[in-house]
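Kindly produce the complete structure, drawing on both the sequences and the hints.
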Amino acid sequence: ALTGVNGAGKSTLIKIMAGLIQPDDGQRVAQKDIRIAYLPQSGLTHKGCSLREEADKAFEFGYKLTEELENIGDELKNGSGNQKVLLEKHDKILTELEDSGFNRRKITAEQVLLGLGFSKDDLDRNTEEFSGGWQMRIALAKSLMVNPDILLLDEPTNYLDLEARGWLEKFLNNYKGGFLLVSHD
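-8 is the number of the first residue of the sequence shown in our numbering; add one for each residue after it.
Heads up, some of the hints might be wrong.
What the hints assert, rightly or not - Straight-line C-alpha distance at most 30 Å; calculated DSSO-like pairs for lysine-lysine:
no. : residue 1 : residue 2
1   : Lys23     : Lys75
2   : Lys161    : Lys75
3   : Lys68     : Lys83
4   : Lys97     : Lys48
5   : Lys55     : Lys75
6   : Lys48     : Lys80
7   : Lys1      : Lys48
8   : Lys161    : Lys6
9   : Lys161    : Lys1
10  : Lys68     : Lys80
11  : Lys111    : Lys161
12  : Lys167    : Lys97
13  : Lys97     : Lys161
14  : Lys23     : Lys1
15  : Lys75     : Lys111
16  : Lys68     : Lys55
17  : Lys23     : Lys55
18  : Lys55     : Lys97
19  : Lys97     : Lys23
20  : Lys80     : Lys111
21  : Lys80     : Lys167
22  : Lys38     : Lys83
23  : Lys38     : Lys6
24  : Lys38     : Lys48
25  : Lys23     : Lys6
26  : Lys167    : Lys23
27  : Lys97     : Lys83
28  : Lys55     : Lys167
29  : Lys38     : Lys97
30  : Lys55     : Lys6
31  : Lys6      : Lys75
Quick caveat, the hints were computed from the structure, so don't treat them as lab data.
This is how it looks when you write it as structure tokens:
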């Protein structure tokens, strides 16, 4: 947890950790290929699609990996490139996809959204129909569904009721990655 009085720089520090801003001094160092998800305190809105479609955007990395698998498959079929290297890369991507939960994305999305207080009927509603607090719940859900190596959450409980806070606590207790939480709760 990151604690400090209002204005001490908690949000600034977490943005530096997320790689969104540069520090005044020193440097940010992160492991190569590490996946970091960042949830700001406020200001996120979603529009132009259903809640279900917006949630699916959290799995963009998986779609990119799937496309890369298809390209490798084409190269293998055409006999171009180093076959051994291509097969090793193919295996690495398959493992990464499985570990990320991409193949379980629809079930995961529904579980996370319902856990954060959305109803099954909400899944097909347009995202612009949701208020600001619900917009932040959508953003929180997407951050959790990305299943990153490191999860940076800046005041994630600001817009959550007691039930959703309890669900988030259980989720984080079982989370396999690292996370940093800034919260007044």
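Right, here's what the structure says about each hint:
For the hint pairing Lys23 with Lys75, the CA-to-CA distance comes to about 23 Å; that is within 30 Å, so the pair holds. Taking the CA atoms of Lys161 and Lys75, the gap is near 43 Å; set against the 30 Å cutoff, the hint is violated. Distance check on the hinted pair: Lys68 and Lys83 sit about 18 Å apart at the alpha-carbon level, within 30 Å; holds. For the hint pairing Lys97 with Lys48, the CA-to-CA distance comes to about 11 Å; that is within 30 Å, so the pair holds.
This hinted pair checks out: Lys55 and Lys75 have alpha carbons roughly 22 Å apart, not beyond 30 Å. Of the supplied pair hints, the one linking Lys48 and Lys80 holds, its CA atoms being roughly 24 Å apart against a limit of 30 Å. With a C-alpha separation of about 28 Å, the suggested pairing of Lys1 with Lys48 holds against the 30 Å cut-off. Taken as a hint, the Lys161 and Lys6 pair is honoured in the structure, with Cα atoms around 25 Å apart against an allowance of 30 Å.
Of the pairs offered as hints, the one joining Lys161 and Lys1 holds, with about 24 Å between alpha carbons and a cut-off of 30 Å not exceeded. Between the alpha carbons of Lys68 and Lys80 the distance comes to roughly 15 Å, so the proposed pair stays at or under 30 Å and holds. A C-alpha spacing of about 21 Å is found between Lys111 and Lys161, which places the hinted pair at or below 30 Å, so the restraint holds. Using a Cα cut-off of 30 Å, the hinted pair Lys167 and Lys97 holds, with the two alpha carbons roughly 20 Å apart.
Note on Lys97 and Lys161: the hinted pairing holds, with a Cα-Cα distance of about 20 Å set against a maximum of 30 Å. For the given pair, Lys23 sits about 25 Å from Lys1 by alpha-carbon distance, which is consistent with the 30 Å threshold. Taken as a hint, the Lys75 and Lys111 pair is broken in the structure, with Cα atoms around 46 Å apart against an allowance of 30 Å. The straight-line distance between the Cα atoms of Lys68 and Lys55 is roughly 20 Å, inside the 30 Å bound, and the hint therefore holds.
A distance of roughly 18 Å separates the Cα atoms of Lys23 and Lys55; the hinted pair therefore holds under the 30 Å criterion. Restraint check for Lys55 and Lys97: satisfied, since their Cα atoms lie roughly 17 Å apart, inside the 30 Å limit. Proposed proximity of Lys97 and Lys23 is supported: the alpha carbons are some 28 Å apart, at most 30 Å. Proposed proximity of Lys80 and Lys111 is contradicted: the alpha carbons are some 39 Å apart, above 30 Å.
Restraint check for Lys80 and Lys167: satisfied, since their Cα atoms lie roughly 24 Å apart, inside the 30 Å limit. For the hint pairing Lys38 with Lys83, the CA-to-CA distance comes to about 35 Å; that exceeds 30 Å, so the pair is violated. Only pairs whose Cα atoms come within 30 Å are accepted, and Lys38 paired with Lys6 is accepted, the gap being roughly 24 Å. Between Lys38 and Lys48, the direct Cα distance comes to roughly 12 Å. Compliance with the 30 Å bound is thereby established for this hinted pair.
Taken as a hint, the Lys23 and Lys6 pair is honoured in the structure, with Cα atoms around 18 Å apart against an allowance of 30 Å. Annotation: proposed proximity of Lys167 to Lys23 holds, straight-line Cα distance about 19 Å (limit 30 Å). Under the criterion of a C-alpha separation no larger than 30 Å, the hint pairing Lys97 with Lys83 is consistent with the structure, at around 23 Å. At most 30 Å may separate the alpha-carbon atoms for a hinted pair to count; Lys55 and Lys167 meet this at roughly 23 Å.
The straight-line distance between the Cα atoms of Lys38 and Lys97 is roughly 20 Å, inside the 30 Å bound, and the hint therefore holds. Our distance criterion of 30 Å between C-alpha atoms is met by Lys55 and Lys6, whose separation comes to about 25 Å. Taken as a hint, the Lys6 and Lys75 pair is broken in the structure, with Cα atoms around 40 Å apart against an allowance of 30 Å.
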